[in-house]
Structure formats: C-alpha cells, structure tokens
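Please model the complete structure; the sequences and the hints are all you need to start from.
Order-wise, the sequence lines are chains A, B and C. Last residue of the first sequence: number 416 in this note's numbering, and the count goes up by one each step with no gaps. Last residue of the second sequence: number 365 in this note's numbering, and the count goes up by one each step with no gaps. Last residue of the third sequence: number 324 in this note's numbering, and the count goes up by one each step with no gaps.
Incorrect hints may have been included.
[Stated by the list, open to error] No farther apart than 27 angstroms at their CA atoms in a straight line, the calculated lysine-lysine pairs in the DSSO-like style are these:
1. A:K220 - B:K179
2. A:K363 - A:K90
3. B:K323 - A:K90
4. A:K129 - B:K323
5. A:K222 - B:K179
6. A:K232 - B:K179
[What the hints assert, rightly or not] One side only, chain A facing chain C, incomplete, derived with CB under 10 angstroms:
7. P76
8. G100
9. A231
10. E233
11. S234
12. T243
13. A244
14. L246
15. K248
16. G251
17. N253
18. K274
19. P281
20. E299
21. E302
22. G303
Derived by calculation from the structure, the hints in this document are not laboratory data. Note that beta-carbon positions come from the ideal geometry of N, C-alpha and C, so glycine has one too.
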Amino acid sequence: MHKILVAAVAACLVVVVLFSGCGGTTTGSSEASAGTDATTAPAGTAAADSQGDQLTGDPIVIGAVVSTTGPNAPLGEPERMALELFEKQINAAGGVLGRPLDVVVLDDQSNAKEAVTATQRLLQQEKAVAVIGASGSASTLAMKAITAQAGIPQIAMAASNNITSEPPSDWIWRVAPKDDLAVERAVSHVAEGLRVTKIAVLYDENAFGSSGLAQIEKVKDRYGIEVVAKESYKTDETDLTAQLTKLKGSNPEALIVWGTNPGPAVAAKNLKQLAWDIPYVGSHGIANAKFIELAGEAAEGVTFPTTKILFPESITDPEQKALIEKLITDYTAEFGQAPNHFSSHGWDGIAVLVAAIEQAKSTEPAALQAALNGLTDFTGADGIFTYTATDHDGLKVDDLIMVRVEGGKWALAQ
Amino acid sequence: MSGGTSSRVSRFVPRNWSFAVLAVAVLLVPAFTRDTYILSIFAFMATRFMVVVGLWLLLGLAGQISLGHAAFVGLGAYGSAILVTRADVNPWLALVMSAVLAAAIAGLIGIPTLKLKGHYLAMATMGFGEIIHILLIQLKGLTNGTDGITGIPPLSLGPLNFSDPRLYHLLVWVVALIFFLLALNLTNSRLGRALQALRRSEVAAQSLGVDTSWRKLQVFMLSAVAASIAGSFDAHYVQFVSPDSFTLNVSVILVCSVVIGGFRSVWGAVWGTLLITILPEIIKRFNEDAVNLVFGLLIIVIVVLLPVKSGPLARLQLLLRGRERL
Amino acid sequence: MTFEQLLQYIFSGLTSGSIYALTALGFTLIYNATGLINFAQGELVMLGGLSAVGLYQAGLPLPVAFLGSLTIVLIVTVLFQQLAIRPLLSRGVLAQVIATVGASLALRTAAMMIFGREALPLPAFSGDTPIRIFGASLNPQTLWVVGSTLLIVLALQLFYRRTLTGKAVRACAVNPLAARLMGVSYSNVVLLSFAVSGAISAAAGVMITPISFMTYSSGALLGLKGFAAAALGGLGNPVGAVVGGVALGILEGLGVGLVSSGYKDAIAFVILLLVLFLRPQGIFGGKAVEQE
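Spelled out as structure tokens, the structure:
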C-alpha cells in the first residue's frame with residue numbers, strides 16, 4: 003500500500019520531468035505567453051561578418067512537424083532532409099536578418115494527435131515564430147486549429163484542398179501544389195493531350211481520392227469532358243478487377259485513376275489482366291519509383307502530373323531552373339540521393355518563410371502575415387509563388403507537367 | 040457488511056488513502072506548471088486512463104477480452120462531434136447520449152457472445168471494431184469520411200471555459216479519478232467479488248448463485264461507457280476527430296496497457312497508463328519503430344511467466360504486487 | 033450486369049477466397065490440436081509473402097525463395113509454439129488469446145522494421161498473360177492459388193484418414209486425455225499441427241503476393257477474414273474452412289460488383305457476427321463453442 007502511493011506520486015513527477023526534459027532548448031521560465039517573440043532583430047545588422055558558424059544574436063526558431071515515422075515517413079523524410087539542407091546553407095551564408103536560423107523538426111508519427119502535441123511543444127517550449135507542417139493532411143488540419151488560435155503562421159506541405167479552402171485559413175499558406183491543381187492538370191492533359199471526351203474515374207475512397215473526383219466534376223465542363231462512369235475502392239484494396247469491369251461497361255475513352263500507392267498499381271496490373279487497352283492517367287500520388295516497382299510492366303504508358311523537379315529541362319523560367327539544378331546537386335551531395343517533390347515541398351516551406359521574414363524585417367506574426375500575403379513571383383522549387391490575402395496556394399496549372407512511364411523510366415509526356 | 044454510513048466512511052478513508060494521495064498529486068500538477076505541452080500529455084493520459092480502467096474491469100475482473108475497444112472510444116468521439124457540430128446539441132448532453140449509445144451497442148454485442156468462449160468475444164469485438172471503422176469512413180454525409188470533423192468546440196460549464204489547459208486538466212482528471220474510485224469500490228463490492236469468482240471458475244460461481252451472464256454484461260457495458268466518455272473528452276480537447284484514431288491497432292495497444300499494468304488489482308490500470316505513456320518515449324530513443332514490438336513481446340512474456348503457482352518466482356511476484364487480493 | 037461481368041466477379045472472388053480458405057485451414061489445424069484461436073495466423077501469411085520477397089530480392093530464384101520462406105515461417109511458428117503456447121495450454125482462454133494477440137503485434141512490427149512500410153511485389157509464377165474464359169479473364173496466378181488449395185486439402189484429408197499419425201491427431205482433437213492414455217504424444221501432435229499450419233499459411237502468402245502485393249499490415253485483415261471463413265464453415269472442420277473461405281471470397285467479389293467496394297471488408301465482419309449470433313457452430317457444425 004505504502005509502496006503503491008509512493009510509487010504513484012513518483013511516477014507523476016517522472017512524467018513531468020521526462021517530458022519537460024526532452025525539449026532540449028527549454029527556456030527557463032514556462033510562464034512566458036505563447037507566440038510573440040519580444041526581441042525583433044536589430045535593423046540593418048552587418049551580416050557580412052557573420053560568415054561561417056559565428057552568427058551572433060538569438061536564433062530565429064522555426065518549427066516543423068513532419069512524419070519521420072509511420073505510414074507518411076516516405077513523405078516526411080525527404081521533407082526533413084530538405085529542411086536540414088536549407089538550414090545549413092542559410093546559416094553558412096549569414097543567417098536570417100543576421101541571426102542564425104534554427105529549424106526544430108518534430109515527428110508526428112503520421113498521427114494527428116501527435117501533431118497536436120508537437121505543435122504545442124513548438125509554440126510553448128521552443129517559442130517558434132512560425133511552423134511548417136505537416137506531411138499528411140490530417141495532421142496539417144489538426145495543426146491548423148492551433149496555429150490559427152495562436153495567431154502563428156503555418157506553411158502546409160500537404161495537398162488536400164480543405165487546408166486552405168476551409169476556415170480558419172488566415173494563418174496558413176501552402177507550398178505544395180494542391181490536389182485541385184493536379185486534377186486540373188490531368189484533365190487538361192486528357193482534353194488537350196489525348197483529345198478525348200469520355201472518361202471513367204476510379205478513385206480511392208479516402209479524402210485524396212474523393213476530392214479528386216469532386217474536382218474532376220467541377221472542371222470537366224471547362225475542358226469539354228464527360229464522366230461516363232465512376233467507381234471507388236478502399237485505400238488498401240488488393241483487387242480492382244470488379245470495379246474495372248464495371249467501368250469498362252460504359253465504354254470510356256480514357257481512365258483517370260486518382261489515389262496513392264498501392265491502389266493505382268493494382269489498377270494498372272488488373273487493367274493488363276483484363277486485357278483492356280485504355281489510356282491511364284494517374285494522380286501525382288504515383289509520381290514515385292514505388293509505382294513502377296509495384297506495377298512492373300503494367301506501368302508502361304501511364305501518365306501523371308507532377309512538379310518540374312523531375313525534369314529540369316522542362317523549366318522555362320531561368321531562375322527556377324538554376325534553383326532546381328543547384329538543389330539537385332547540393333541535395334545529392336549531402337544525402338546521396340536525388341531530391342523528389344517532397345524534398346521540394348520542404349525546401350519551399352522554409353524558403354517562403356525566410357523570404358517573408360527578410361521582407362518584413364521582423365518575426366512578429368502580424369508582419370509575417372502581411373509579408374506572406376504580399377509575396378509575389380517568388381521563385382521556389384515547386385514553382386513561382388504569388389500569394390494574396392485570398393489566395394494562399396500560390397501556384398498555377400502551368401507549374402505542373404505531365405510525365406509518362408516509358409521503359410521503366412520517366413519521360414516528358416507530349 | 041455491517042454498520043451505517045459513519046463506519047463505512049471511516050473504513051473508506053484508511054483503505055483508500057493511497058488513492059487520495061494519488062488524486063491530490065495529480066490534481067496539483069497544474070499548480071506547478073503552466074506548460075501546455077506537459078499539460079497536454081496529462082490530458083491524454085487522463086482519457087487513456089479512463090479507457091484502461093474500464094478495460095481492466097472487463098479483462099482483469101471478469102476475464103473477458105475486447106479487441107474492439109477503440110471503436111467505443113470512437114463512438115464517444117464521433118457521437119459528440121456529430122451531435123455538437125451538426126445538431127447543435129449541448130456538449131454535455133451529447134457526451135451522455137454517446138455513452139448511452141455505447142452501452143446499448145455493448146449490450147447488443149454482449150448478449151449473444153458472452154455465452155461463448157473467450158476468444159469468440161475477442162473475435163466479435165474485433166469484427167465490431169472493424170465495422171465501426173469502416174462506417175466512420177463510408178458514411179461520409181454523417182462523418183465526413185477520412186477528412187474527419189473539425190471545429191469541435193471546447194467544453195465549457197457556465198463561467199468555466201475548458202479551453203484553458205489547467206482547468207481542463209482538473210476537469211478531466213476529476214472524472215478519471217471518479218472512475219478509478221468507482222472501480223476500486225467495485226472490486227470490493229458484491230459485483231466485484233462475484234466477478235473475481237467467475238474468473239476462477241464459471242461453474243463454481245454459478246453453483247454459488249452468481250448470475251454470470253448478467254454480471255459479465257454489466258461489466259462490458261460499463262467498460263464501453265468509460266471508453267465512450269473518454270472519446271468525447273478527447274474530441275473536445277483536440278477539436279478534431281478522424282477515423283484513423285480508432286483502429287484495431289489502438290484496441291490492441293489498449294489491451295496491452297491492461298496486461299502490462301497487471302490485472303491483479305485496479306492499480307494495474309495506473310501502471311498500465313503510465314507505462315503506455317512513458318515506455319514509448321524511452322524506446323524511441325533507441326529505435327523509433329520498435330515500440331509495438333516491445334509491447335507485443337512484453338505481453339507474451341508477462342502472460343507466460345505470470346501466474347506461477349509456487350516457488351521463488353511466485354514469492355517474488357507476490358512481493359512485487361503487494362498483498363494478493365482474493 | 034452481363035454474364036462476362038458476373039464471371040469476372042466470381043473469378044476475382046475465387047482468388048481471394050482461396051487465400052481465405054488456406055488461412056482458415058491454418059486456424060482449423062491449430063484449433064483442432066489445442067482448442068485455441070491463433071490471432072497471429074494472418075501474420076504468418078504475411079510473413080510468408082514478405083520472406084519470399086526478401087529472399088527473391090536478395091537474388092534467389094523464385095522456387096528457392098518459396099521454399100525458403102516456408103522454412104522461415106516454419107521456424108518462427110515452431111519457436112512461438114514452444115515458447116509461448118506450450119506453457120499456456122493449461123492456462124485458460126484469456127492467457128492464450130493475449131499471447132497470440134501479442135505475437136501478432138510483435139510479428140507485424142518486426143515485419144515493418146525489416147521490410148519497411150510499403151507494399152512489396154513478387155513476379156507471377158508463370159507470367160502475367162491472362163487466360164480468357166467466356167469473355168472474362170483469369171490471372172494464371174489464380175490457377176496456382178486454387179490448384180494448391182485443392183492439393184493441400186486433398187493431402188490433409190488423406191493424412192487424416194489414411195495415416196496413423198493423422199488419426200492420432202484427430203483423436204487428440206476429439207479427446208486429448210483419452211488419446212494420451214492410448215499412447216499418443218500430445219505435445220508432438222501440437223507441434224506438428226502448428227508446423228503444418230504455419231507452412232500452409234506461408235504458402236498462401238507467397239502465392240497471393242504476385243497478385244495483390246504484401247505489406248507488413250496485410251496480416252490483420254487476412255487473419256480476421258480467415259477466421260470469419262472458418263467460423264462460417266464450422267470451426268474445427270477442415271472442409272468447412274475451405275468452403276467458408278471460397279464462399280466468403282465470392283460473396284465479397286459479388287458484393288463489390290453489385291453493390292459498392294467501400295463496404296467490401298464489412299461483408300466478412302457482418303458474416304462473422306451473424307454466424308456468432310445465429311449459428312456459432314457454422315454451416316457444417318464445428319466443435320463445441322460453449323463455455324467450459
């Protein structure tokens with residue numbers, strides 16, 4: 003009995019100590035109010051003599067919540083690596099407003115609840131002036147509620163539309179091309195590239211797939227497309243022959259498959275099995291080597307929209323081209339692998355924030371908000387960003403290209 | 040069981056004073072820290088504790104296993120979310136309504152399956168859990184599918200607004216501690232002793248006049264209610280619900296909490312909750328992915344090594360667990 | 033719906049149904065020997081598939097990878113049986129369920145740590161060219177799956193009825209005490225049952241991977257559906273397990289084709305609950321299901 007109560011009290015204390023101890027950069031008093039960093043950078047600091055690792059001044063802390071573990075790890079890992087690279091490079095080049103940049107990356111384990119806890123920690127303990135996150139849409143939405151309430155800018159790297167389309171949305175900006183944009187790119191390819199009018203849609207029943215279908219329905223008239231049939235499948239479905247058989251009965255001229263791996267790969271294989279030779283247009287969710295690995299030969303001829311980082315030669319803007327080529331070189335040298343579009347999301351996420359800070363010459367939330375809303379023609383890895391008070395997505399359809407799988411590799415389509 | 044209220048109270052205090060100290064310690068935490076991060080850890084621990092206590096009653100006391108308890112938590116969370124955001128129901132009323140629904144469903148499932156062998160309830164609850172998960176995704180009009188429901192308002196009661204982390208901590212822990220107290224007293228009550236008899240031998244219990252099916256059903260329903268209330272609290276705290284918080288994996292981890300904490304006494308629920316919160320943090324220092332592996336292996340080890348009839352290992356166990364209860 | 037479409041739905045149902053049948057057989061073997069439900073059965077199927085992928089990607093030819101994965105799963109199963117199951121056989125249902133649930137969690141996480149989180153493929157045993165039958169197309173891999181299932185069922189039946197060891201196993205299922213009194217080594221029977229169950233499940237896993245890939249998390253659903261199939265056919269009845277599996281598969285295929293795909297998994301669970309509530313002994317009448 004005695005043992006139990008002593009142990010229970012001790013355990014409570016352990017919890018408190020353990021969790022406060024793992025903050026790392028805990029400031030002494032936990033009484034400080036959230037968010038506003040009282041010290042703004044001294045104006046016009048001579049950054050020139052702060053080369054190397056001898057930057058002076060309080061670090062500017064930017065928080066990031068990414069999924070380095072859990073199902074979204076394939077998204078979170080490249081994002082984290084890009085953030086690390088940017089932090090390293092900018093500190094070597096004199097920091098931000100003459101102060102060192104400190105990017106604190108926390109793992110949300112691909113889980114919205116963990117994202118909530120992580121964001122609390124970034125705002126309360128790390129005193130982040132802005133946060134980037136998350137890798138997945140559910141976590142991003144959960145974070146959004148907190149950053150909006152705290153009045154802290156958040157940069158989203160996930161593509162789900164409702165991140166910016168649903169309130170609260172005054173404190174969130176996005177760097178990844180949103181799903182709707184990718185859908186429109188795919189539809190425009192069907193209309194202008196393939197030149198057909200009747201399509202069937204096979205979509206994942208999750209938020210990604212469902213919103214894809216919704217957007218197709220919304221833009222189809224603009225491109226003169228008719229959806230003759232649609233079928234959904236559950237996310238980890240292993241056999242799509244039933245759905246495809248149903249779709250085939252409506253005689254479409256092209257098939258749009260909107261989902262993330264492994265569903266579209268199963269669809270590709272099943273198409274081959276059914277001996278149904280129809281053009282297959284996929285989502286940006288299959289813009290990875292995994293799709294080809296899973297689908298094997300069935301991946302031949304499949305097209306999908308993606309950002310230009312896969313094909314620097316397709317970039318017309320010289321600034322963006324230079325940026326991407328440098329990113330590819332530096333990233334590969336640092337990590338031994340080429341960057342993918344998740345890396346570019348991570349990169350743009352921090353780049354956009356730093357640009358806003360330098361523009362506003364301050365880290366005050368209100369100033370950042372104004373600077374972000376005023377960001378025009380900012381060259382990022384994912385495209386040229388222009389934000390306004392009402393458009394927090396920043397990119398256009400032209401920022402995406404269509405890629406086709408040929409001989410097990412990617413080629414520029416049309 | 041003699042005497043009136045005064046002797047009951049005077050026996051209550053000394054027997055439960057370890058509980059009293061725990062309660063005071065936990066409730067005083069907000070006095071020592073205003074850090075929202077730490078308070079959020081405690082907030083999640085409180086609701087987890089509620090579920091684990093309920094599950095302990097089912098597993099430890101009645102010897103029945105539920106592999107779908109995450110679904111009851113989900114019922115509470117979504118019940119509150121939908122009623123409050125779609126139908127403008129008072130959050131407290133919604134909490135009660137969801138709990139009633141959970142109890143009803145538990146009753147429906149329990150009546151046919153509690154007659155069958157233990158693993159049938161396990162499978163039935165597993166199946167039920169999966170069905171709920173599927174429904175949460177499919178009934179998009181009601182639940183918003185995988186997008187989840189956002190904008191759930193925080194709880195408030197008159198002038199008290201529970202979006203203040205410290206107030207919320209008090210609220211949620213008071214409720215959790217009430218559950219714990221109920222469970223403590225249940226263990227020593229008529230129902231509790233009947234259930235413990237049941238765990239030893241159903242036949243013997245029946246021959247002594249214990250209505251086993253009805254008792255098991257009561258406990259199952261009670262555990263469902265605890266889970267549902269916990270879910271409702273979480274929904275108002277995170278202000279967001281989504282289907283992937285209520286999966287089979289979560290149910291299994293809950294069972295792990297009870298097993299690892301020990302199901303000899305209700306205090307096992309305290310240990311279980313603590314361990315489930317602390318252990319992952321420690322394990323992640325070594326290997327980020329290994330948490331569930333450790334849990335899985337741990338419960339195998341515990342269950343294999345645990346009830347040793349005699350010998351030095353048994354004595355060691357008795358020592359560690361304190362006085363063995365009936 | 034046209035005839036070709038109906039046939040197509042049935043073919044796809046046959047494929048998954050065979051896997052459910054094999055998983056259900058795995059359950060049945062263990063249940064008959066020990067009276068316990070192995071909640072980790074699905075994980076054994078998953079391990080079979082993933083081990084084969086690992087061996088194949090390491091450079092071994094497909095047949096060798098197949099046998100290799102059988103061996104690996106066999107070892108894991110036997111280890112599990114010796115270390116965790118044997119001590120628990122006298123302990124009661126609760127402890128057994130907890131142990132197998134713990135095993136499934138541990139195996140699933142171990143697989144995630146070893147093989148990663150993404151789906152992994154295997155090449156088809158005899159190529160991808162579909163076979164056209166009456167307008168519907170059949171995956172040649174399906175023939176492998178169905179064929180092997182039939183072979184295994186046949187072999188098991190022969191084993192049970194014609195060999196002495198098989199009869200000993202059946203004796204243990206009917207009355208372990210009496211069997212032991214007659215000189216049957218109960219622990220050997222249990223060991224054998226586990227081993228065969230593991231091998232069958234592993235084979236199922238390897239065969240299904242070329243069709244629908246294998247992920248570390250695939251085991252949970254497979255296990256549940258395998259149990260639903262076994263319960264449907266009558267727990268403890270091998271023929272029931274196979275019939276239940278195929279029936280479940282075809283019902284799923286038709287359900288997707290006729291209704292919608294989102295609720296596909298729900299079909300198995302609804303069947304499970306219906307069986308448990310209405311007729312716990314299943315179609316063919318299984319073992320006694322009441323409390324002891």
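Quick rundown of the hints versus the structure:
Distance check on the hinted pair: K220 (chain A) and K179 (chain B) sit about 19 angstroms apart at the alpha-carbon level, within 27 angstroms; holds. Distance check on the hinted pair: K363 (chain A) and K90 (chain A) sit about 21 angstroms apart at the alpha-carbon level, within 27 angstroms; holds. For the suggested pair K323 (chain B) and K90 (chain A), the alpha carbons sit about 26 angstroms apart, so the restraint of at most 27 angstroms is met. Distance hint between K129 (chain A) and K323 (chain B) is fulfilled; the C-alpha atoms sit about 24 angstroms from each other, no more than 27 angstroms.
Restraint check for K222 (chain A) and K179 (chain B): the C-alpha separation of about 23 angstroms stays at or below 27 angstroms, so the hint holds. The hinted pair formed by K232 (chain A) and K179 (chain B) meets the criterion: a straight-line CA distance of about 17 angstroms does not exceed 27 angstroms. About 7 angstroms separates the beta-carbon of P76 (chain A) from the nearest beta-carbon of chain C, less than 10 angstroms, and the hint is met. Look at G100 (chain A): its Cβ only gets to about 42 angstroms from chain C, farther than 10 angstroms, so that hint breaks.
Interface restraint check for A231 (chain A): the shortest CB-CB distance to chain C comes to about 13 angstroms, outside 10 angstroms, so the restraint is violated. The beta carbon of E233 (chain A) is positioned within 10 angstroms of a beta carbon in chain C (closest approach about 7 angstroms), and the interface hint is therefore held. Interface hint status for S234 (chain A): upheld, as the beta-carbon distance to the closest one in chain C is roughly 6 angstroms, under 10 angstroms. A hinted interface residue such as T243 (chain A) counts as satisfied when its beta carbon comes closer than 10 angstroms to some beta carbon of chain C; here the least separation is about 4 angstroms, so the hint holds.
Among the interface hints, the one on A244 (chain A) holds; its C-beta lies about 4 angstroms from the nearest C-beta in chain C, closer than the 10 angstroms criterion. Annotation: interface hint on L246 (chain A) holds; nearest CB of chain C at approximately 9 angstroms, less than 10 angstroms. With its C-beta approaching chain C no nearer than about 7 angstroms, K248 (chain A) sits inside the 10 angstroms limit, and its interface hint holds. Interface hint at G251 (chain A): satisfied, since its Cβ lies 7 angstroms from the closest Cβ of chain C, which is below the 10 angstroms cut-off.
Checking N253 (chain A) against chain C: minimum C-beta separation of about 13 angstroms lies over 10 angstroms; hint violated. Because the beta carbon of K274 (chain A) sits about 6 angstroms from the nearest beta carbon in chain C, less than 10 angstroms, this interface hint is met. Annotation: P281 (chain A) was flagged as interfacial toward chain C, and the flag is violated, the nearest CB pair being 19 angstroms apart, outside 10 angstroms. Look at E299 (chain A): its Cβ gets to within about 7 angstroms of chain C, closer than 10 angstroms, so that hint holds up.
The restraint placing E302 (chain A) at the interface with chain C is violated, with a minimum CB-CB distance near 12 angstroms, outside the 10 angstroms limit. With 10 angstroms as the threshold, the beta carbon of G303 (chain A) stays out of range of chain C, its nearest partner Cβ sitting at about 15 angstroms, so the hint is violated.
Comparing the model with each numbered hint stated earlier shows that hints 8, 9, 17, 19, 21 and 22 do not hold.
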